[in-house]
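Let the sequences and hints guide you as you build the complete structure.
Note that the protein sequences, when read in sequence, are chains A and B.
Heads up: the first sequence at position 73 corresponds to 72 in numbering that gives the first Met the number 0, and the numbers run straight through without jumps.
Heads up: the second sequence at position 72 corresponds to 71 in numbering that gives the first Met the number 0, and the numbers run straight through without jumps.
Be a bit skeptical, because a hint or two may be false.
What the hints assert, rightly or not - According to the in silico footprint, chain B covers these stretches of chain A (three or more CB under 8 Å from chain B):
hint: 1; stretch: 12–22
hint: 2; stretch: 54–64
hint: 3; stretch: 126–132
Claimed, not checked - If you only want the chain A side, here are some residues facing chain B, beta carbon under 7 Å, derived:
hint: 4; residue: H7
hint: 5; residue: I8
hint: 6; residue: H9
hint: 7; residue: V36
hint: 8; residue: H100
hint: 9; residue: W108
Said to hold, decoys possible - Far from chain A, by Cβ distances over 12 Å, these chain B residues were calculated:
hint: 10; residue: I200
hint: 11; residue: L297
hint: 12; residue: L418
Derived by calculation from the structure, the hints in this document are not laboratory data.
Every residue, glycine too, gets a C-beta built ideally from N, C-alpha and C.
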Amino acid sequence: MQYCRQCHIHMRGSRKRCILCGKTLVSTDCQTDREEVFPEIPPTYERHLALRILVFISITAIAVSLALEMILSTAVNWPLFVIFGVFSTWLGFIVVLWKRHNIPKAILWQVVIVSLLSVFWDWQTAWRGWSLEYFIPIIYVAAEMVMYITARAMKIRVREYITYALLDSIFGIIPALFILFHLVDVLYPSIICVTVSIIFLAGIFIFQGENIVKELKKKTHL
Amino acid sequence: MKQQKEIEWTSLEIASKLYPATWSLKDPKVFRISCELDQIVSMAHLQQALDLTIDDFPLYRCVLKRGLFWYYLEESNIQPKVSPEAKAVCAPIYMGKKSDLLFRVSFYRKRINLEVFHALADGTGALLFLQTLICHYLTIKSDDFTGIVLANEHSSLSSVRENSFDKYFIGGMRKIKKPGKPKKAYQIRGTRLSENRMQLIEGVMSTHSVLREAHKYQTTLTVFLASLFIYAIGSEMKAKKRIHPVVLAIPVNLRQYFQSVTARNFFSYINIGYRFEKHTDPLSQVIRDTEKLFKEQLTAENLNDVSNKYLAIEQNMLSRIILLPIKDLILRLASRLAKRQSTSSLSNLGIITMPPEFDGIIHSFSFCTNANRPQMNVCSYKDVLTVSISSPFRETDIQKNFFRLLSQAGISIEIAANL
Ligand SMILES: [Zn+2]
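Pasting the structure below:
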């Protein structure tokens, strides 16, 4: 072991200097017991390369679109579209990153964001009604399927995804309102979506009712 | 659909409710208890020992989940794995999102480390886990030991996982005379280490020689070490900062005051403060004042008051129905304010006992917590006293002052450091 003459302490390990005062240590005995007590932990560099690339592409796209707009001056407001596009991508990206440890939750969030964005895009592009007629019903049914399949494939336990499946199926009823309030002309996607969701809901309640009650009790204990 | 096993869940007791809300990368609320053996640790045997230990402590299989109003622990089927030590000391365990176990077992050469997220257990609770693990390990490793049981292993499974707070305190606030508005305590400043790492300096010495020194001042080991630490911090204070007292927050294990063997959290705090008048306050005076404060605060009645106050807040209907994200925010603010009322903390895990059969095999135990300011942790095993000072700062002046005070008193010290 080594010794610091200033602090009058013995120092374990093979370091050259006293950790307390920084003075050079002297060996008291020949060569015994210099083994380390703690491993050396190398610094961990955080890998944010994907994030940096995404930031870089976003800024480039917006800058180029602004430049082209000024040079060519087209009828459509391209920079606005590019900015919305970039914004949509980021929103999706952030949600996936944020909820990546809980896949059912990430799916649910994506459904909400994508459906809101689709309405927004539709409205910005002269409202042709495609978002309510096709996009939203399809995305809801797809989400229900994807959630069930991933949950089974990844062996996520029923109670882990049941609340999200429930919420997702409730979303699936929403297109009924589109029909009721005559917001859509093409009816069959909405009808299919509502039917599938009702079947899903019935399945969840009939087979997993106790699980939902337990899950709710746990989540809301005071 | 398949029939599935009933899933057990437990609400957190009051002391641990704070940790999931207030953890951060700078202060991940993790502590470590290590045991150093006389032999290199075998990974395969340690894994076997862990597999046995986890069955004795089902609560350690839990993951932390967010409810609408509170966090709760939920049983999982994750199998804990031992690993060679490859992360910084007291690296974050619970990071908000991912559901993972709340403890980690690692080893390096002759050391076995147990690191625990504080919401799961306090030092004494985690020690019980580590003691059991070491017992299993040594029994598996060598055929010499059979039928060895830990001295304190009379506890049934349910008492190990009980919520002792609810059992012993009824809540409700008795009017406590407040000794004026709490003053802002002196805050230690320094250069932070990169990546929120922490500097751990462990001093190993003879318990008897330190006790002999403490007895010279007619005081106990904890009071003596607390006074030395206050004195070491005071020596680094700038003159104009001396209007602030140096205050040590000292967790008190409530198990000794109330019959309990819970392996979860069961502790309270006392605050010991000293105001340096001039640079020349003698050590003896610091010890005398500290001793007096300990005597005043360390009564069952006082501890009762503090814990009942906590419970009163928990039982308050209004504070219950606040949604979790808002609760998180309030708790974060409150803990930041509370932090300003103390300079540092000192936690004494006490005397660790192991079955006498392991006498020659176990070298020492050590105990440290992650630090967002320099703080001290103490534990002892037989005649080996380990004093660990963890710090987020590069500077080591306080540590130097502290250990030099001991070595000047003629105590022989062996120091180990992680950086
Ligand atoms: Zn030195």
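Against the structure, the hints:
1. With 5 residues carrying a beta carbon less than 8 Å from a beta carbon of chain B, the stretch 12–22 of chain A meets the three-residue requirement, and the given coverage holds.
2. Requiring three or more residues with a Cβ within less than 8 Å of a Cβ of chain B, the coverage given for the stretch 54–64 of chain A is violated, as only 0 such residues are present.
3. Counting residues of the stretch 126–132 of chain A whose CB lies closer than 8 Å to any CB of chain B gives 0, so the stated coverage by that chain is violated, three being the minimum.
4. The beta carbon of H7 (chain A) is positioned within 7 Å of a beta carbon in chain B (closest approach about 4 Å), and the interface hint is therefore held.
5. For I8 (chain A), the interface hint holds, the least distance from its beta-carbon to any beta-carbon of chain B being 5 Å, beneath 7 Å.
6. With 7 Å as the threshold, the beta carbon of H9 (chain A) comes within range of chain B, its nearest partner Cβ sitting at about 5 Å, so the hint holds.
7. Interface hint status for V36 (chain A): upheld, as the beta-carbon distance to the closest one in chain B is roughly 4 Å, under 7 Å.
8. Using the Cβ-Cβ criterion of 7 Å, the hint placing H100 (chain A) at the interface with chain B is satisfied: the shortest such distance is roughly 4 Å.
9. For W108 (chain A), the interface hint is violated, since its Cβ never comes within 7 Å of a Cβ in chain B; the closest pair sits about 13 Å apart.
10. The non-interface label for I200 (chain B) is inconsistent with chain A: the shortest C-beta to C-beta separation is roughly 6 Å, within 12 Å.
11. At roughly 31 Å, the least C-beta separation between L297 (chain B) and chain A is larger than 12 Å, which holds for a residue marked as non-interface.
12. At roughly 8 Å, the least C-beta separation between L418 (chain B) and chain A is not larger than 12 Å, which violates its mark as non-interface.
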